[in-house]
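Take these sequences, add in the hints, and give me the full structure.
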Amino acid sequence: MRPTASVSLDLDNLWAYLKTHGDQDWTRYPSFLPSAVPRLLEVFGEQRLTTTVFAVGADVEREDGAKAVAAISAAGHEVANHSWGHEPWLHRYSPAELESELVRTEDAIVAAGAPRPIGFRGPGYSVTPDLLALLVERGYSYDASTWPTWIGPLARAYHNRSVAEGAESDELFGGFSRVRAPVGAYRWRVGASTSLVELPVTTMPLLRTPIHASYLQQLNQVSPRLARGYFRTALRLCRARGVGPSLLLHPTDVLDATEAPGMEFFPGMAVPSARKTELLGWVLGELRRHFDLVGTGEHVARVRAGGLRRERDALETRG
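Numbering follows our numbering, with no gaps: position 178 of the sequence shown is 178.
Because the hints were derived from the structure by calculation, they are not lab data.
Don't take each hint at face value.
Unchecked claim - Below, computed lysine to any residue pairings styled on SDA-like, alpha-carbon distance capped at 25 Å:
#1 K67 / L41
#2 K67 / Y29
#3 K67 / V43
#4 K67 / H250
#5 K67 / D256
#6 K67 / P115
#7 K67 / Q47
#8 K67 / M263
#9 K67 / I118
#10 K67 / T27
#11 K67 / R104
#12 K67 / A111
#13 K67 / P261
#14 K67 / G85
#15 K67 / T50
#16 K67 / R39
#17 K67 / G45
#18 K67 / P34
As the list claims (entries may be wrong) - What follows is a set of in silico ranges between Cβ atoms, one per label pair, in the way DEER data are often shown:
#19 G191 / R275: 45 to 51 Å
#20 P34 / P3: 35 to 41 Å
#21 Q24 / H290: 40 to 46 Å
#22 S35 / G76: 17 to 23 Å
#23 A96 / R116: 18 to 24 Å
#24 T258 / G281: 16 to 22 Å
#25 P34 / R312: 22 to 28 Å
#26 R239 / D313: 27 to 33 Å
#27 G139 / L315: 20 to 26 Å
#28 A96 / I151: 30 to 36 Å
#29 P261 / L315: 14 to 20 Å
Heads up, the beta-carbon is just placed ideally off N, CA and C, and yes, glycines get one too.
As structure tokens, then:
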């Protein structure tokens with residue numbers, strides 16, 4: 001049997017990027033979902049890929065987001081929870097606020113015609129013991145919020161220089177405790193429960209540098225050959241180290257700056273959308289060549305069936 005890999009899409013919308021960046025135009029809730037979602041579904045269809053889409057509740061409550069979730073679910077993809085307001089500082093929320101984020105998004109996803117979600121990813125890779133406890137309490141099967149890389153603190157420093165005053169976050173993109181967190185799947189110990197599986201966003205084994213598609217698109221802006229060589233190296237290391245990669249995508253992986261006004265700051269936005277879409281198709285094809293490619297929910301089900309033994313205490317997320 002071939003090893004398993006998974007692909008997930010964070011359905012972050014234009015307004016969410018502008019909000020995090022401190023651009024007040026976000027209050028108009030501009031959207032690029034009508035452009036991005038059909039394009040992404042076409043790429044997934046061409047690759048015969050069933051994936052997982054992490055949806056933002058504030059979008060799903062609106063017409064364009066509800067239509068996107070309905071189309072995604074109708075195409076056979078899993079819809080998971082990506083919070084309601086997509087604020088990458090969930091670690092500052094009270095338990096009551098966290099529960100509201102979960103519940104409102106669950107209700108919106110179900111109202112749009114998708115099953116109740118069993119997976120969660122925090123915006124900005126934000127996860128806390130309180131959040132993990134709520135996920136267990138609400139019957140979630142997995143979390144996919146961690147990003148085990150040393151790049152996180154550097155990315156946070158860049159972010160905190162570029163956002164509006166007061167929006168800085170001391171745990172954005174993961175705290176220093178994530179630098180040595182496991183790259184592969186493990187179980188959280190939340191009180192007496194070990195029911196919740198963590199499926200990290202995969203970074204390159206040994207080097208722990210990002211391999212998600214937005215990072216590849218930034219390399220693609222420098223050199224398509226460099227981007228492809230880097231990803232091939234990452235897959236070789238994953239196979240050698242026995243890591244089943246979980247690849248993260250975003251709508252920006254098929255959009256350029258003309259289709260996402262105000263996002264010139266984001267990596268890879270100078271690359272034309274056709275070239276970005278071509279690279280994404282190649283990346284998914286390379287994954288499929290070496291792995292059995294599924295969504296995150298199915299990936300978690302398979303690692304459970306394989307007898308996942310590694311555990312990590314939820315309290316380790318502090319600091």
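For each hint, the structure was consulted:
1. Distance hint between K67 and L41 is fulfilled; the C-alpha atoms sit about 13 Å from each other, no more than 25 Å.
2. Only pairs whose Cα atoms come within 25 Å are accepted, and K67 paired with Y29 is accepted, the gap being roughly 16 Å.
3. Of the pairs offered as hints, the one joining K67 and V43 holds, with about 18 Å between alpha carbons and a cut-off of 25 Å not exceeded.
4. With a C-alpha separation of about 18 Å, the suggested pair K67 and H250 falls inside the 25 Å cut-off, and the hint holds.
5. The suggested pairing of K67 with D256 holds, with an alpha-carbon distance near 22 Å, which does not exceed 25 Å.
6. For the hint linking K67 to P115, the alpha-carbon distance of about 15 Å falls within 25 Å, and the restraint holds.
7. For a cut-off of 25 Å, the pair hint linking K67 to Q47 stands: about 22 Å separates their Cα positions.
8. A threshold of 25 Å between alpha carbons decides the hint, and for K67 with M263 the separation of about 24 Å falls inside it, so the pair holds.
9. For the hint linking K67 to I118, the alpha-carbon distance of about 21 Å falls within 25 Å, and the restraint holds.
10. With a CA separation close to 21 Å, the supplied pair K67 and T27 stays within the 25 Å bound.
11. Only pairs whose Cα atoms come within 25 Å are accepted, and K67 paired with R104 is accepted, the gap being roughly 17 Å.
12. About 11 Å separates the Cα atoms of K67 and A111, which keeps this hinted pair within 25 Å; it holds.
13. With a CA separation close to 22 Å, the supplied pair K67 and P261 stays within the 25 Å bound.
14. Note on K67 and G85: the hinted pairing holds, with a Cα-Cα distance of about 18 Å set against a maximum of 25 Å.
15. Distance hint between K67 and T50 is fulfilled; the C-alpha atoms sit about 18 Å from each other, no more than 25 Å.
16. A threshold of 25 Å between alpha carbons decides the hint, and for K67 with R39 the separation of about 14 Å falls inside it, so the pair holds.
17. Simply put, K67 and G45 have alpha-carbon atoms about 18 Å apart, close enough for the 25 Å limit, and the pair holds.
18. Annotation: proposed proximity of K67 to P34 holds, straight-line Cα distance about 9 Å (limit 25 Å).
19. G191 and R275 have their C-beta atoms about 49 Å apart, which keeps the hinted 45 to 51 Å range intact.
20. At roughly 36 Å, the beta carbons of P34 and P3 sit within the given window of 35 to 41 Å.
21. Range check, Q24 to H290: Cβ separation about 45 Å, and the 40 to 46 Å hint holds.
22. Checked against the hint of 17 to 23 Å, the C-beta distance between S35 and G76 comes to roughly 22 Å, which is consistent with it.
23. Evaluation of the 18 to 24 Å hint for A96 and R116 yields a pass: the beta carbon distance comes to about 21 Å.
24. Between T258 and G281 the beta carbon distance is about 21 Å. The supplied range of 16 to 22 Å therefore holds.
25. For P34 paired with R312, a C-beta distance near 40 Å fails the hint of 22 to 28 Å.
26. Restraint check, R239 to D313: a C-beta distance of roughly 30 Å satisfies the suggested window 27 to 33 Å.
27. With their beta carbons about 22 Å apart, G139 and L315 fall inside the hinted range of 20 to 26 Å.
28. Between A96 and I151 the CB atoms are about 33 Å apart, so this pair conforms to the stated range of 30 to 36 Å.
29. For P261 and L315, the Cβ-Cβ distance of about 43 Å falls outside the hinted range of 14 to 20 Å, so the restraint is violated.
Figure legend: structure checked against the earlier numbered hints; hints not met, in rising order: 25, 29.
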